[in-house]
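Once you've looked at the hints, dock chain B against the given chain A.
Chains as they are written, first to last, in our numbering: chain A, 1 to 487; chain B, 488 to 745.
Simulated from the structure, these hints should not be mistaken for lab results. Take the hints with a grain of salt, since some may be wrong.
[Unchecked claim] Part of the chain B face toward chain A, derived, beta carbon under 10 angstroms: (1) Gly550; (2) His572; (3) Glu575; (4) Phe584.
Note that beta-carbon positions come from the ideal geometry of N, C-alpha and C, so glycine has one too.
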Amino acid sequence: MSAPTIAPGISDEVRELANQEYKYGFVTDLDTDVAPRGLNEDIIRLISSKKNEPEWLLEWRLRAYRHWITLTPPTWQHVSYGPVDYQDIIYYAAPKPKKNLGSLDEVDPEVREMFDKLGISLGEQERLSGVAVDAIVDSVSVATTFKDKLAEVGVIFCSFSEAVQNHPDLVRQYLGSVVPYNDNFFASLNAAVFTDGSFCYIPKGVHCPMELSTYFRINAADTGQFERTLIIAEEGAYVSYLEGCTAPVRDTNQLHAAVVELVALDDAQIKYSTVQNWYPGDADGNGGVYNFVTKRGMASGKNSKISWTQVETGSAITWKYPGVVLKGDNSVGEFYSVALTARRQQADTGSKMVHIGKNTKSTIISKAISAGHGQNTYRGLVDMRHSAVGARNFTQCDSLLIGNDSGAHTLPYIVVKNKTGQVEHEASTSKIGEEQLLYCRQRGIPEEEAVSMIVNGFCREVFKMLPMEFAVEAQKLLTVSLEGSVG
Amino acid sequence: MLKIKELHASIEDKEILRGVNLELNAGEVHAIMGPNGSGKSTLASVLIGRDGYQVSGSVSYEGQDLLALSPEERAAAGVFLAFQHPVEIPGVGNMYFMRTALNSLRRQRGQEELDPVDFLALAQERMKLVEMDQSFMNRSVNEGFSGGEKKRNEILQMAILEPKLAILDETDSGLDIDALRIVANGVNALRSAGRSMLVITHHQRLLDYIVPDRVHVMTAGQIVRSGDKDLAVELEANGYTSVQQANAGRLAPVGVAR
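With the rest of the complex left out, here is chain A (with noise of 0.2 angstroms):
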């Protein structure tokens, strides 16, 4: 619980290196159709009219909006940050196109070249690795590939406006059912002013011949990210989905607050991976995204299978919680994350394991890394009904220091109302040992090498369960963050 001290040995080579910028840091001139500042029913109502949404939709948002404007922020939170003002955040922000898309060939060349720049083609020729991306601006679904080739085998997947238009009662049948609009703060919000997201249905007995993904990106200023993500699995479907985010360099704060459900029924697996690399903000603390989510999963159908995996290596504040509500009998829940905090970074993360069906399983593994002055907080539940006979859980949370100045906390809450159920809790707390560091630097391992080599170490169990192409990523990831900020 303590941050103790260490590493003086951190040399000035590395030290250089603090400043690193962020590469993804770059604002793209796009011509953008936003909304005024500020929230109230009438921006609910133009999002709703912008998006051609049914009466039902608008109604939802309204419900969630006049609770949302009850409620407070969370403060229990082992985070600290000024208030954020709701009324001068722009909810609504689209980058206009160009003309109505016809394919994807006729996507805007300037959101081609941004992600381009980023990395990602959305050209289905130019991508060798098969892997299908939804691609998000802003607010808006811009392009969405390999829908044909997805559709052929029965998987639908699409931007969330899109599911509105053309899915409407699968749409209505599961928004909200794992996450209601009442759910938290953050959720009602998102609830209320959601603008797009990826859908994505798997029909039974459908194992998908692809990895799905979506790549988020923040580009207008001073705008929220409200996403909305829903991933259904029907009976002994099979599905592995990917998220990654990026934003512009910005001295001001940003907000997203998504939301992502999944429903697991009979059989059915979803594996679910997110490499989330915001712009943390500055050395000094400015700028930065704030990234308020919840994200849940329905393990609702007997013997189905919900993995959460995540590589969290951005952001100025995390408040996150990915979990599964393990309701069918024999489902399994699981957790794998990396998270971390450097600069002025902070985070408090976690998950949430509710055991409802009888011999229920959930495993919880969370690495937490703390260099700079970042301050890194698990915050976890387990939870076991009366109805959850034989449940199980296991939980491991190492935490690891470099540095002074950083911190980490680990608070499980672990409530247990069955005496079948059985929980392990193992929680470790090591700090990067100068007798490692001086280990590897005597056998002629370079320092910054060296401290890349054991972090990397410390996160293999996380990194070994994300998809081959996410795991190389998210250990260069790691390695580039973390130069950023030893010392």
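Same frame as chain A, but now just chain B:
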């Protein structure tokens, strides 16, 4: 190859080394013996560049000022320490670690790096020296290793990295007789005209296996006596106190623990 002159080292105002003088020629094996707290391990630490000591005096290594180099530069120059307490590095594979180390050294020396296949062949050959099998290489660095396995792993690294100056810090401590024999055989196989060794130990036992060219006795931060291998036998018989008494006139009374 190594000339230590009037080497002093202190930590938090406690002087531990109080003027060490030592000369080691290429290909020689010298043993440093002495009681607990006499400064033997501190000498090793100062030679590899561990942080936290105030150091004065000079250490010339192949004509270079060793004390001016960073730990990794010293490694690249051929200095190796078999640690007394090798640290564990969870999640980092032993094989990967050794390959990274060797390639870092090669890079610093302007040599071409070894690819994983060539490295594997090299490692397998050297593993025979310390009777280790492949399963060691697939584990994380020192994680869950027994005391003896850790020491063998140190000697394996020495065999792979091929240093010019190897310092063995209490490599015999915690070893049973079989492990001691394996480690000593490994070390002896690595003796060569171009490689010098500094063997730090409490016990004469190790020196039955690794026969030194010179033996130095260190007490209270100084080398108080030097001799050939028979000195070790004499010490075993009479203890360090005899040496300390013989030199009592030269030394200020100290009780520094390290």
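Hint check results:
With its C-beta approaching chain A no nearer than about 20 angstroms, Gly550/B sits outside the 10 angstroms limit, and its interface hint is violated. Annotation: interface hint on His572/B holds; nearest CB of chain A at approximately 8 angstroms, less than 10 angstroms. A hinted interface residue such as Glu575/B counts as satisfied when its beta carbon comes closer than 10 angstroms to some beta carbon of chain A; here the least separation is about 8 angstroms, so the hint holds. Interface restraint check for Phe584/B: the shortest CB-CB distance to chain A comes to about 8 angstroms, inside 10 angstroms, so the restraint holds.
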